[in-house]
Amino acid sequence: MPDVSRPVDEGELSQLVAEAAHDAIALEIIGAGTKRAVGRPTIAERTVTTRNLRGVTLYEPRELVISAYAGTPLATITNELDKHNQRLAFEPVDLGAMLGGGLGEATIGGMFATNFSGARRIIAGAARDHILGIRAINGRGELFKSGGRVMKNVTGYDLCRGLAGSWGTLAIMTEITVKVLPKPEETRTLLIAGQPDEIAVEAMCAAMATPYEVSGTVHIQEQLASRLATEVASSAGRAITALRIENVSTSVAYRVEQLKRRFSAYGEIVELDHRESLGFWSELQALSFLWQSQDPVWRISTAPTTGIRVVRAIAGYMDCRVAYDWSGGLIWLEVPRSADAGAAEIRRVIATLGGHATLIRAEPSVRATVEVFQPLEAGLDRLTCELKAAFDPARILNRGRMYSHV
Amino acid sequence: MTSIALPAPDPNIVAKRHDIVAGLKGLVGPENVIADEDGRRAFETDAFTAYRRMPLAVVLPTTTGQIARVLQFCRKAGVKVVARGAGTSLSGGALPAEDAIVLGVSRMNRVLEIDTENRIARVQSGITNLEVSNVVGGEGFFYAPDPSSQLACTIAGNVAMNSGGAHCLKYGVTTNNVLAMTIVLMNGEVIEIGGSFLDSPGYDLLGLMVGSEGQFAIVTEVTVRILRAAEAARPMLVGFSSSEDAGACVSGIIGAGIVPVAIEFMDGPAIRVCEDFAKAGYPLDVEAMLIIEVEGSDEENEALLGRIAEIAAAYDPTVVKVSQSAAESAAIWRGRKSAFGAMGQLADYLCMDGTIPLTALPRVLAGIARICETHGFRVANIFHAGDGNLHPLILYNANDADELERAEMCGAEILQLCVEAGGCLTGEHGVGIEKRDLMQIQFDDIDLIQQMRIKQVFDPDWLLNPAKVFPLNLRSAA
Numbered sequence: 003m004p005d006v007s008r009p010v011d012e013g014e015l016s017q018l019v020a021e022a023a024h025d026a027i028a029l030e031i032i033g034a035g036t037k038r039a040v041g042r043p044t045i046a047e048r049t050v051t052t053r054n055l056r057g058v059t060l061y062e063p064r065e066l067v068i069s070a071y072a073g074t075p076l077a078t079i080t081n082e083l084d085k086h087n088q089r090l091a092f093e094p095v096d097l098g099a100m101l102g103g104g105l106g107e108a109t110i111g112g113m114f115a116t117n118f119s120g121a122r123r124i125i126a127g128a129a130r131d132h133i134l135g136i137r138a139i140n141g142r143g144e145l146f147k148s149g150g151r152v153m154k155n156v157t158g159y160d161l162c163r164g165l166a167g168s169w170g171t172l173a174i175m176t177e178i179t180v181k182v183l184p185k186p187e188e189t190r191t192l193l194i195a196g197q198p199d200e201i202a203v204e205a206m207c208a209a210m211a212t213p214y215e216v217s218g219t220v221h222i223q224e225q226l227a228s229r230l231a232t233e234v235a236s237s238a239g240r241a242i243t244a245l246r247i248e249n250v251s252t253s254v255a256y257r258v259e260q261l262k263r264r265f266s267a268y269g270e271i272v273e274l275d276h277r278e279s280l281g282f283w284s285e286l287q288a289l290s291f292l293w294q295s296q297d298p299v300w301r302i303s304t305a306p307t308t309g310i311r312v313v314r315a316i317a318g319y320m321d322c323r324v325a326y327d328w329s330g331g332l333i334w335l336e337v338p339r340s341a342d343a344g345a346a347e348i349r350r351v352i353a354t355l356g357g358h359a360t361l362i363r364a365e366p367s368v369r370a371t372v373e374v375f376q377p378l379e380a381g382l383d384r385l386t387c388e389l390k391a392a393f394d395p396a397r398i399l400n401r402g403r404m405y406s407h408v
Numbered sequence: 013m014t015s016i017a018l019p020a021p022d023p024n025i026v027a028k029r030h031d032i033v034a035g036l037k038g039l040v041g042p043e044n045v046i047a048d049e050d051g052r053r054a055f056e057t058d059a060f061t062a063y064r065r066m067p068l069a070v071v072l073p074t075t076t077g078q079i080a081r082v083l084q085f086c087r088k089a090g091v092k093v094v095a096r097g098a099g100t101s102l103s104g105g106a107l108p109a110e111d112a113i114v115l116g117v118s119r120m121n122r123v124l125e126i127d128t129e130n131r132i133a134r135v136q137s138g139i140t141n142l143e144v145s146n147v148v149g150g151e152g153f154f155y156a157p158d159p160s161s162q163l164a165c166t167i168a169g170n171v172a173m174n175s176g177g178a179h180c181l182k183y184g185v186t187t188n189n190v191l192a193m194t195i196v197l198m199n200g201e202v203i204e205i206g207g208s209f210l211d212s213p214g215y216d217l218l219g220l221m222v223g224s225e226g227q228f229a230i231v232t233e234v235t236v237r238i239l240r241a242a243e244a245a246r247p248m249l250v251g252f253s254s255s256e257d258a259g260a261c262v263s264g265i266i267g268a269g270i271v272p273v274a275i276e277f278m279d280g281p282a283i284r285v286c287e288d289f290a291k292a293g294y295p296l297d298v299e300a301m302l303i304i305e306v307e308g309s310d311e312e313n314e315a316l317l318g319r320i321a322e323i324a325a326a327y328d329p330t331v332v333k334v335s336q337s338a339a340e341s342a343a344i345w346r347g348r349k350s351a352f353g354a355m356g357q358l359a360d361y362l363c364m365d366g367t368i369p370l371t372a373l374p375r376v377l378a379g380i381a382r383i384c385e386t387h388g389f390r391v392a393n394i395f396h397a398g399d400g401n402l403h404p405l406i407l408y409n410a411n412d413a414d415e416l417e418r419a420e421m422c423g424a425e426i427l428q429l430c431v432e433a434g435g436c437l438t439g440e441h442g443v444g445i446e447k448r449d450l451m452q453i454q455f456d457d458i459d460l461i462q463q464m465r466i467k468q469v470f471d472p473d474w475l476l477n478p479a480k481v482f483p484l485n486l487r488s489a490a
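These protein sequence lines map, in sequence, to chains A and B. Residue numbering for the first sequence follows our numbering, beginning at 3 and increasing consecutively. Residue numbering for the second sequence follows our numbering, beginning at 13 and increasing consecutively.
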């Protein structure tokens, strides 16, 4: 177990990184460490956690903006926002429980460093789309900022998005400013049971082509649906397809009726009321359908109508259990344990059909030997290496976490 | 007399103009190269018209392959390249230099693929913003970012500047709506970023490319997200006797959990000029006005505007007028959208583009009035209130050389005020040359050096759109 440093302010962290850069000491960068088991095992002599950089530094509900230090637990942010009936609209995914840890522990820094967004991503954008500003420390120990606290800002290059999803390999975010949105007055869900994947994706895409601002479209195959706690979803004993509608109450009523009329041909529609809907979608946000097994899990992003072809092709090689989000474009794929967690076949299918795949859950020995993140084409790979050097020339930040040579 | 210094052209490059033009014609065909003086003159400026520079030549390629060959050639010859979409930049983003060629993408304007099921459109980057919405409109879809120049401006330019629009409070700006792009680096390498899916793998190169002001690479193809249009949209007008009341009303609406698709603010001078020009039916006896638009079915819009009117009632509005017909809706927007044209009939103007926290609006507006009065200029303010993007229009006389410089100084003071209020120099127009020398108001040198290091990853010789975005004296530090 490497040494763990817990800097309490930007100055201490900056000095620590500058010294490590000088001495070429590789650092593992984590927040709460809830996603530590994702990615390639890092090669580090010391661990640095942002956990002691915590606290909300600005919250202006009337301007839809909140700022917090990177180590602030997501739960703290959510509690603050709850007081003003607001939320993070991209619905951050909580990987804690599916990776064997707890829920609600993840930090806001880790959330943006990994850029995992939930079901609402299809209408509200990804985590990266909600970042307004950052302060961060690069691999030289230099503190820099980008963006700000206002909604619209094109002053200089967009390093906010540049750092999103970089898994702590470019810089350590210290403070993040985020756009928030009001919670809608009402949420309702339409559930259809027993649809095959093809029909479900067709229905979900059709729902997204209506003007009713459907804000969640998932289809969960039977084996995974049976693991859900929401009884009406798991008790069917069949696959379930869900559509979410959120808005002011009068609009929700109108839109639900319109959608029901349009989709009744697919089968019997069960409606979840507001309270049931919140429970159901928060369960999905925590990926509860992946809790009961420790088998490897892949996360694949592709075009919605390509998703079913990807799954069909992979199913030709291995027994797999699937949940589709983003109207079919995001696939959570649970596969049997094997030496490479199915990487060879899955990567081949993705290379043919298009998209990208990340191995989210697997033993460290597997993650050390397969490409966990989508391998990059030569040109992208070169830019990736040079960007790494532009932020972290000594390669001390999360070395090897994303790619072995980065 | 102007205050923005442009570097002296490299005489060795200028001397080789004849050979450079011949080389370019050999690469892309003479029909795609403009070398005569009259032809080049059409490209010597963009919408930031106070600055003009005659480029060595203008190249208008028709394929990604041609662009790769042109860039390779220019890199070898050490020739600078200024990328250009439609030339609508308000910050001088497409201003040429005498030792640079202009590389325009306007002839690459085809739609490559429309896929409504997966909700994407793949286009060549020279297509206009509005054309994208037009080609998917028949199926009920649209492309969301809607800059005022959308009739003319290209997707390439939108990507370069991360363009926004009046509706970005709900739908986001360019960076939130791009899924993939084909780029050509200065060494001629063609790279595909992203795909027809959400969230590209690896580092967020799409995020870095959008807003890079033509300094990283030439964008030749773009895959954008298209959205299903709402059933209908409907605006209302609310007039106030003070900008404080109007600003507080916007806070009140958002605080109540309502996010309209657009909230536009106009101050007294802007209202009167626009009404005079467009006969939009605006109240003339108010000092501030909001245009608030909602989307949904007719019944939904009726209900939501009713709620907004109830909220607004608490902020002493002097006029509340809900559009009762498509004609009234069109008139309301016609007034707002004619603002720049209407101002242009009165005088020349500099359009500022700062963003501020909404709650700072009254203080900033008072500050702007004071600054403009000190410099002796009239000013009108237009404000995307939902997202804090403020457009003060400083009216001046371009025929008086001294006035431009003073107007620029006045603008710089206004932008400084925006930054001090917690905002930024530019919300949607980009830095270009216009705000290049103001960057140190908002950023420390370390911030800018980190940005310049990224520029060097993409373009190590600084040949793409140089002398923009960063103060010239900082270059050597990166």
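Each hint should be verified, as a subset may be incorrect.
Calculated lysine-lysine pairs in the DSS-like style (CA-CA distance at most 25 Å, straight line) [unchecked claim]: (1) 185(A) <-> 85(A); (2) 349(B) <-> 333(B); (3) 28(B) <-> 88(B); (4) 182(B) <-> 185(A); (5) 85(A) <-> 182(B); (6) 262(A) <-> 185(A).
Hints in this document: simulated from the structure, not taken from any laboratory.
Report the numbers of all earlier hints that the structure fails to satisfy, in ascending order. none
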